[in-house]
Structures are given as structure tokens and as C-alpha cells.
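So you can see what is in the structure, the chains are spelled out below.
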Amino acid sequence: MTAVYKHRLFWPIVSLLTLIAINAIARPQFITITMRDGELYGALITILRDSAPLMLVALGMTIVIATRGIDLSVGAIMAVSGAVALTIIDGSGDPDALATVLIAVLVAVLVALILGMWNGFLVTVLGIQPIVATLVLMLAGRGAALLITGGKITTVNSAPFKWMSSGYMVALPVAFFIAVAAIIVIGVIERRTALGVLTEAVGINPEASRLAGVRSRGIIWGAYMVSGALAGVAGLIYASRTSAADANNAGVFIELYAILAVVLGGTSLNGGKFSIAGTVVGVFIIQTLDSTVLFLGIPSAQSPVFFGFVVAVVVVLQSPRMRSGLANLSGRLRPRGAGVQDREKAEVA
Amino acid sequence: MAAMTTTTARAGGRADRASSRVQTFLSRHGGMMPTFAAALILVLLFIGAEAFLRGDFIKPLTISNLLINNAYLLVLAVGMTFVILTGGIDLSVGSVMAFTGMLGAKLLADGLPVAIAIPAMLLGGAAIGLFIGILVQYFGVQPFIASLAGLFLGRGLAFIVSLNSIKVEDPAVLWLQSTRWKLGDWVVTPTGIIALATVAIAAFVLHLTRFGRTIYAIGGSEQSARLMGLKVGRAKVGAYVISGTCAGLAGLLLTAYANSSYPRNGIGTELDAIAAVVIGGTLLTGGRGYVLGSMIGVFVYGTIKTIINFMGAEQAWMQIIVGALLLLFIVVQRAIVARAEGRR
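Protein sequence lines, in the order shown, are assigned to chains C and L. Using the working numbering, you'd call the opening residue of the first sequence number 1 and step up by one each time. Using the working numbering, you'd call the opening residue of the second sequence number 1 and step up by one each time.
In isolation and in its complexed conformation, chain L is listed as follows (with noise of 0.2 Å):
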């Protein structure tokens, strides 16, 4: 059948020079296609709310706001990314963020500087990360048993640190979240500026370095990637291992968000990157995606939040939404490798 489409396709296109050329990029850029897929809904998400709600969607706070409320999201779907790239999942990136959270807090509470504090929860989440890579590429296990192994260690360490929540006063973690620098009627917090810098620090890692290469490799065919002579298990470990920071970071901007730090914190977290990743157009069988996409898929799933509070919608809805959108991405994804499939 997907053959079928194909040639009709191919037909069409003979006859119209533009749809040919339309043809050779969707050909040559199939693998972009499920990103532009979710830029569109954004699009589409962002009008709808325009044209139904009081028409004061589209303002630059109310965009400003998306960046601001979902930094630790957006740096939590970076680090998934890498792992969901090599064909793995990450299930431990929600209670790593609760578990560094607390780590930073209580470090602070107790008097540490914060030059101290901030490297200790950023290797706190490496640490994890770590652990579950050796789990995975040393030992074999499964990457879902493996960073479900994280995902419990991580939980109990949150607890351990404290089992309510620690207040935090330290000025320079205040200031993350605090200051607001201004351009025109757009506002950014240096939180934002850090989940920025830490898609931009990705996208370049993931492009134009060896080990981003790599990653992509061993989405691809492990085996091949191997025999190719790529360091394999060294990009594997790697990318747990960025994972892990990036829950790290995401534990300093929540905590810097909150203004404080909760051993509940993120749980179910991890589905919402997953989500996020996901509907950006990355492939959950690795080797297909892009960390801009996640970025938007993080966005998409920001504006669903917020359209949903702007109608003060119950709360229920915002999961029947997100798997909803999450079908709607996947069926779009399979349709396309199917379609890829026929055409090779």
C-alpha cells in the first residue's frame, strides 16, 4: 500500500515541477519531518488559543512565561535526548532532579558556598548517570531496568537527604530565578538563558563533535557503529552520563524556581520528557531526532499546560491531552517510516 502512495506520488509529481521539488526534499528530509510536524501544532496550538480565548494569548509574556515555567523540562529533555538517541530510555531523570534538588538545598542550609554546592549536585546526577551507564553497556542489562535501578536510588537519596522540604535563601540560587532582564516586553531569567545555552551547547555536541556522531551511530546499528570502529561503549556510558547532569541542572533550576526543595519533586517527571522528546520527532528506536524538536516538543507541552490553565480546565485533562498529542506523534512518526520503508 505504501508503495502504492509512492508512485502516485511520483506520478504527481511529474506532472507539477514545484510538488517534484516538494517530493525531493520530504525524500531527502524525511527524518526532519515529525519536528516540523510538531512546529506546526505549536503554530496551530498558539492560534487556536488566540482565536478562543480572550485573544490575549500571543504576547510576548505570555511566550516569555513558556521559557520561564519549563527550563528544568526543556534541560531534562536535552539529556533524554542523547540517551533516547542511542535506542535507550532514561527512566531516572525525575528523581535524580528531586535527589540533586535536595542535595543543593541542604548543602546550602548548611552553610556551603555556593561554588561547593551547585558542582556537587551537577555530579550527584553524573554519579547516577554513570551508574546506569556502566549497568547498560558493561553488564548488559536493559536500559529500562537499568535506569528504573536509578530512578528507585535516586527517589530513596531524595528522601534520605530529608524527608520535608528545605527552604533556600542562598542569594546567587535566588538570583537564577529573581532576576529579570528585559527586552521591550520580553523577559528572560538566567534560568531560561541556561536551558537555552544548554540546547545550544547540545545541538553542538550532537552535530559537529565526534561523540554526537557517535550517538547517532549507535542509533542507527550498533553493530555497525562498532564495526566502524566507533568507541561505542564509551558514547553509550556518555550519554547516560549527560543525561545524568543535565538532571542535575534541572535539580538547581527547579530549586532555584520554587525557591525551594521537596523529595517529591518530579515524580512522573520522566514521562513528561519522554513526552516532550517524543512529540519533538525523535525516534524511540534511536538514531532519529533533533534537539531542537525536543525544544519544541518541551514547548508544546508548555502551551497545552497553559491553555488548560487559562481555561481553568480540572487538571485531568492535561493528561488526556498529552497522550492524546503523544498518539497523534507517533502514528505521524510510523506513518513515515513506513513510507521510508516502502520507498527503499
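The shape of chain C in the complex, shown without the other chains (with noise of 0.2 Å):
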């Protein structure tokens, strides 16, 4: 039992739970899901289509975090991705070819992939703080992609496009697979290779793991090209859900709550050890909250308050004060001996 509490995904699975049984006692509806022809529809099957977006950025910001590094372009890319891929299939002859499709998609993803490049460049080689590298391309990357757009917003009626962020697949939203396709291929390389636990030892000294022959270079540099590549998509799967390419709107706030996800999960902002079953576990919570305060009749412009409050009590019971304080208080509650020794290995740790 006390394994199972310890574990570093309790809390946050905890959460989850909570935030779906409220719902589900609030309205019997929100767990219901139906089949029309032979798709699925329902509260949760929404949440799970459209938390892809922010699924991607928050796997590629992991990878980045744990190299002790913060990505705040992503939102920037997204905008640049999809101006991009619209501009593409805009002035093409025919939006509906698949080909057309398939190129604008690729180019997108090559330029986001070569943004993250550019992060990772600065990063690595000129050895910029993360928070100001990215910050560069946060400010200037939305200006390129209104410059690509030529100022307006670009929209576009092409059916395959469309099909990423509104299609079925087996019964379940393409977009979904989407996310489910990119958390088995950066779980499998994170964490089938070594890769993961070099990412892992650079985040936790740079300094040491270099004397230790880890490469950090390369992998501090890939975290920040994963990270782009994926905002990339990100980018990609926004624009088709609104068939437009809106320089201005698109992926605003999503670095904030990408970091929110990734933090909600367990990886520290300090580097080191990640968690990408956690960051999928924040993805959920954030979505879910966003469905529960739409539901709750809050005008979503005033939805922040109750972010802002849900992201400090959730911080407040992560912290290690707190933390040090509940172990005292059921420390006391149990035989004394038996407090301590678990008060230390809490310590240890």
C-alpha cells in the first residue's frame, strides 16, 4: 500500500480521478459515450481529441525540461507551422489532392524541425539561457508567421487537411492517434535506449556527465528539435481544426500550459528525472479541468482565476515544506519509531 502512495504518479492519477468522479456526479452525461456510426462520441472522447495539441507540445517540453532547458517558442512554431502548411495548400491549384497535402505537411514540419534547430543552436553552441533563447523565437516567431500569411488570416477548404483534427479512425479521432503514435515513439526512445537516462544525467549535471563522456551537446540540441518538430505538428493539427492559419490565436498560452502539464506530472523544473506517463497524466487534468469549467457555466474568460488556483494549491502540495509537513502530521499519528524511520527514507529520497 504504502508502495502504491509513494508512487510519484499518485498524486497526479489522484487528481485525474477526482476531476472525472466530480464531473461524473455533476452530470451523469460526462461518462456516457455513444456509438454513431461506428464512431465514438462523448465528453471524454472529446477531451481525448482535443487535448492532442496540447499532448505534443508537453511531450517535446518534457524531454526539453529534463535537460534542464524550457521551451516558450512552441507556441510561436505552432503559429509558423500552420501559416506554413495553409500558404502551401492555399496557392496550390487543387486543396483537395492528397499530394498537395502530404507536401504542405511535411514542409511544415521540416520548417518547425529547423526552428527548434535554430533553439537548440542557441542553446548549445552560443550557451544562451533556455528561457531567453526560446524567448527570442517566442517574440519574433509570430511576427514571421503573420509576415508568411501576408497579414491575414488564411483559410482553406481542403478535405484531407481537415481530416487530422475532425477524422475517425477505428472508432476513435484521428487526432488521438495522433498523440497516442507520438507518446509510444518518444517512450520507446527515451526510455527502451539509453537515451533517457543520459537526457536524465545531463539534466542533473551537465558538468559531470560531460566528464563522464555523455555527448550532452547532441542531446541538449535534439530535445529542442523534438520539441519543435512536435509543436510543428502541433501547429498543423490547430490549424485544420479551424481550417485557418490565425498568426495571432494560434497556440497562444499553450507553453504555459504545456510547463503546467509537465510540472502537474512530476518532472521538475530543475532537470532530471521526467516522467512522460506523468506529462500525459497533466495533458488529461488540464483538459479535463478546461471541460469541467466550461461545464460549471464560468465565461471562459474567466476561467484563468480557477486555473490560477488550481495551479497554486497543486504547487503548494507538491512543495517539500508541505510535503515534510503531512509526513510530521501522520508521522505523529503512528507509533513514534515507525514516523521516523519513514521520515528518513522520505529524506533519502
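In silico SDA-like cross-links for lysine to any residue, where the CA-CA straight-line distance does not exceed 20 Å:
no., chain 1, residue 1, chain 2, residue 2
1, C, K273, L, Q142
2, C, K273, C, R192
3, L, K106, C, A301
4, C, K152, L, A313
5, L, K305, L, S64
In case anyone wonders, no lab produced these hints; they're calculated from the structure.
Dock chain to chain to rebuild the complex, using the hints, since each chain is given by itself in its own frame.
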């Protein structure tokens, strides 16, 4: 039992289940899932579908944060990627041709990858702090996206492109499959090879890992490229959902939500140990919270207050001071010796 | 490599006494270099604008407007400087400014006197700053996340006050912006004076008080500051409270500037403020930087904005140019820090 309680995903999962339970009690239709024409519908399915862009961005952010970095530019990269794809589709003769859409998607992701490479260059080669290095692109990226679309909101009507966000495969939304594919790829590469351990080593102590022969430069650089590319795909899904490239509104605040998801999932912003499963849970917490706020009838403009409050409560609960306070409390309830032992164990951990 | 350049520079310095004096100055005041660079860029921007635009850029009116139009950003940047000097960051200032602006406008619209509304605005800002500071200092939350909570909180509260913009008709608030004191061709409004006074007070506090020196010490090394017996916790929370109060004051200035308050005000302004502080030569790692530098940073920012308006160029260029300038400055800063480390 204590093993379950001590697991680092315990609190995130409890929060998620509590949220779902509150919703289910308040409105039973929340957990009902209906089947129509071989496609599943329901609030939970909507959450799965709508969480895809945030999931992609948060996965990339997890890797970057594990290297002791941060990537503020993801929202801007989303805007650029959407702008590039829609400008290509819009400029082609036949927006419905599959080849056109494929080229547009590939070029957009490539551009996003290059932007990620730029961030990585600033951080690893020039040695600029990640928060400033990515702030540059965060400021300039949206301007670049506006220039690409010529200052207007480009809209297209392309069935294959629209399919990315609203299509269905095997009864589930396509966007969900894209997110799952990203989770699996990242999970396998980071956890079934040594890369994950090396990434954590770089995050825990860059100098020591360099002396131990870890090529930290390549690992950090790679992290920013992954983050950029994933943000590019997220930008495509966002653009596909609205069928428009809106440079001013695509991915606004997503970097903040992504960082929040990573932190909620138990990954420390100080780098080092990271948890991909934690990030996945974190993203679902945020998306469910979003859906809850909508349901409660709070005007969406006022929902930030709710978010701010939840963030504060969660980070305070996760803080070392609060944890040791709770440990002391539970120690007092149990026989003296056992409590002390537990505390020592917690300190070692 | 850095060591090599230093040796060559030293060899050159021995040969030439004047350049040796420059070297000494540089090594003693290396921390000031980014701020000097910012001032230089500002001068170059002015000369460039004067030469390539219609030739009527360097006029007292243009320069006066620079202060009047950016008074709120200047106040935000001053508060941000305190936080960044401790090695933290405050993402909440834009939305706190929106919230306090809405709060003040609402109180005035409800018929309360200015003597209540303005202190309420400042206190509202200070309260959110205190909230962030306590999260950072006593719960060990990273400044980024703690101030993110403040950002959400401020924005949501602004919308809770009202979803629509509120017009301000109070004569005292309007007076702040509509009064123009003239000295020859130079013009200044009370809002401009307030902003300049904020800079002056901040510079005094940072350089000549125990609290200010503690802020620098924390940025240099929090551990050492604590071991020296400085009141680290109090100063750190204080920095966030100052930043929040400045955001409250900025809310007042912006409300006076626009004659109204809108809950969507100041989205992304925290980034402008951070950019201005960094351009002004303050290191984001903390411990080095000047409030006067932040003021220069705000003027650089404002000048670029004015130039773009003069040229009638697309607003998109504003973001790109500010991004590029930011990059230029951090590369310059990086080079300076690398040199300082090489010398050690």
C-alpha cells in the first residue's frame, strides 16, 4: 500500500480521477459514450481529441525540461507551422489533392524542426540561457507567421487536411492516434534505449555527465529539435481544426499550459528525472479541468482565475515544505519509531 | 579562446597607455557594458531614424512622446528589474496591470473617490505580488510557475470585474494624462513624471539601502547571502511585492492613458517588459543590472515602435525586430560574461 502511495504518479492520477468523478456526479452524461456510425462520441472522447495539440507540445517540453531547459517558443512555432502549411495548400491549384496536403505537412514540420534547431543552436553552441534563447523566437515567431500569411487569416477548404483534426479511425478520433503515436515513439526512444538515462544525466549535472563522456551538446540540441517538430505537428492539428492559419491566436499560452502539464506530472523544472506518463496524466488533468470550467458555466474569459487557483494548490501540495509537514503529521499518528523511519526514508529519496 | 583574446588585449594595452586605461575601466565596470551598449544602440536608432526617415525624428515632441506613450511599460520594467535581479522572473505583470486597471475603473464608476480607488489598485497589485513571493520563498515553487499562477489569477480577476471595457470619467485620473507641462518644446504629463519618479526611487532603493543591496546579493549567490546573515526571505518576497505594486501603478497609468480600462489590456506585455529589462543589460541569472538600464531598454523598445509607425510598416516587423534585438543583446551579454570568466 505504501508503495502505491509513494509512487510519484499517485497524486497526479488521484487528481485526475477526482476531477472525473466530480464531473460524473455533477453531470452523468459526462462519462456516457455513444456510438454513431461506428464513431464514438462523448465528453471523454472530446477530451481525448482536443488534448492532442497540448499533448504533443507537452511531450517535447518534457524532454527539454529534463535537460534543464525550457522552450517558450512552442506557441510561436505552432503559428509558423500552420501558416506555412495553409499558405502552401492555399497557393496550390487543388487543395483537396492528397499529394498537396502531404507536401504542405512535410514542409511545415521541416520548418518547425529547423526552428527547433535554431533554439538548440542558441542554447548549446552560444550557451544562452534557455528561457531567453527561446524568448527570442517566441517574440519573433508570430511576426514571421504574420509575414508568411501576409497579415491576414488564411483559410482553406481541404478535406484531407481537415481529416487530421476531425476525422475518425477505428471509432476514435485521428488526432488522438497522432498523440498516441507521439507518446509511443518518445516513450520507446527515451525509455527503451539509453537516451532517456543520458538525458536525465545531462539534466542532473551537465558538468559531471560531460566528464563522464556523455555528449551533452547533441542531447540538448536534439531535445529542442524534438520539441520544435512536435510543436509543428501540434500547429498543423490546430490549423486543421479551424481550417485557418491565425498567426495571432494559434497556440497562444500553450507553452504555459504545456509547462504546467509537465510540472503537474511530477517532472521538476530543475531538470533531471522526467516522467512521460506523468506528462500524459498532466495533459488530461488540464483538458478535463478546461471541460469542467466550461460545464460549470464560468465564462471562458474568467476561467483563468480557476486555473490560477488550481495551479497554486497543486504546486503548494507538491512543495517540499508541505510534504514534510504532511509526513510529520502522519508520523505523529503512527507509533513514534515508525514515523521517524519513514521520514528518514523520505529524506533519502 | 577567451583567455587568448585577453592576453592579446593586455599586450596591446601595455603598448598604448590610453587603451590600457580603457582596459582597466572595462575590467572594473564590465557589468555596465551591456547598459552602455543599449545606450549606444538607442543613439544609433535615433541617428538612423533621423537620417533615413523624413528628417524630423529628433524633435523634442517625439522624444517627449516616447516617455508619455511608454510610461506604463517603464513602471512595469522597473518592478521586473527587482525580480530579475534576485534571479527570478515575474510573468504576471501584464495581467496584474489589466486587473488593477479594471478594479480602479470599476470602483470609480461605482462612485468611490480617487483616494480609495488608487490605493486599492496599488494594494491589489501588491497582494498578487505577495501571493507569488510567498509561493516562491516559503513553498519553494519556481518563480516561473508561481508567477504563472499569478498571471492566470490576474487575468481571470480582470474578467470577473467586468467582461467589457469600463470608461473612466473621474477628473483626477484624466488629469494625469491630459495635463501637459511644457518647457520650451518639451512636454511632459503627470504620468511621465510618475514613471520617472518610480525609476529614481527604485535606483535609490537598489543602490543606497540595505534592502537593495540584499537584492543584488541574492542574485549573486543566494546561499552566500544567507550565510552572510542577510534577510534573504524578506528581500525576495519584497521584490515580488514591489513588482506587483509597480504593476498596480502601471494599471493606473494605462487607465489614465486610454481613458478607459479593458480586461484584455496587457496580454504579452510581461514579455515586452522582460525584453526591455534584458536589452537594458540586466542578466536574467540575477545579480547584475541597473534600473537605469531598464529605462534605456524601454526607450529602445519605444523608439523601434515609433520608427515602425513612422515608416508605416507592418506591425509584424515590430515583433521580429524586438526578437532580433533581444538576440543581439543576449549574445553581447554572453560574450561579456565569457570574458569575465576567462579573466578569472
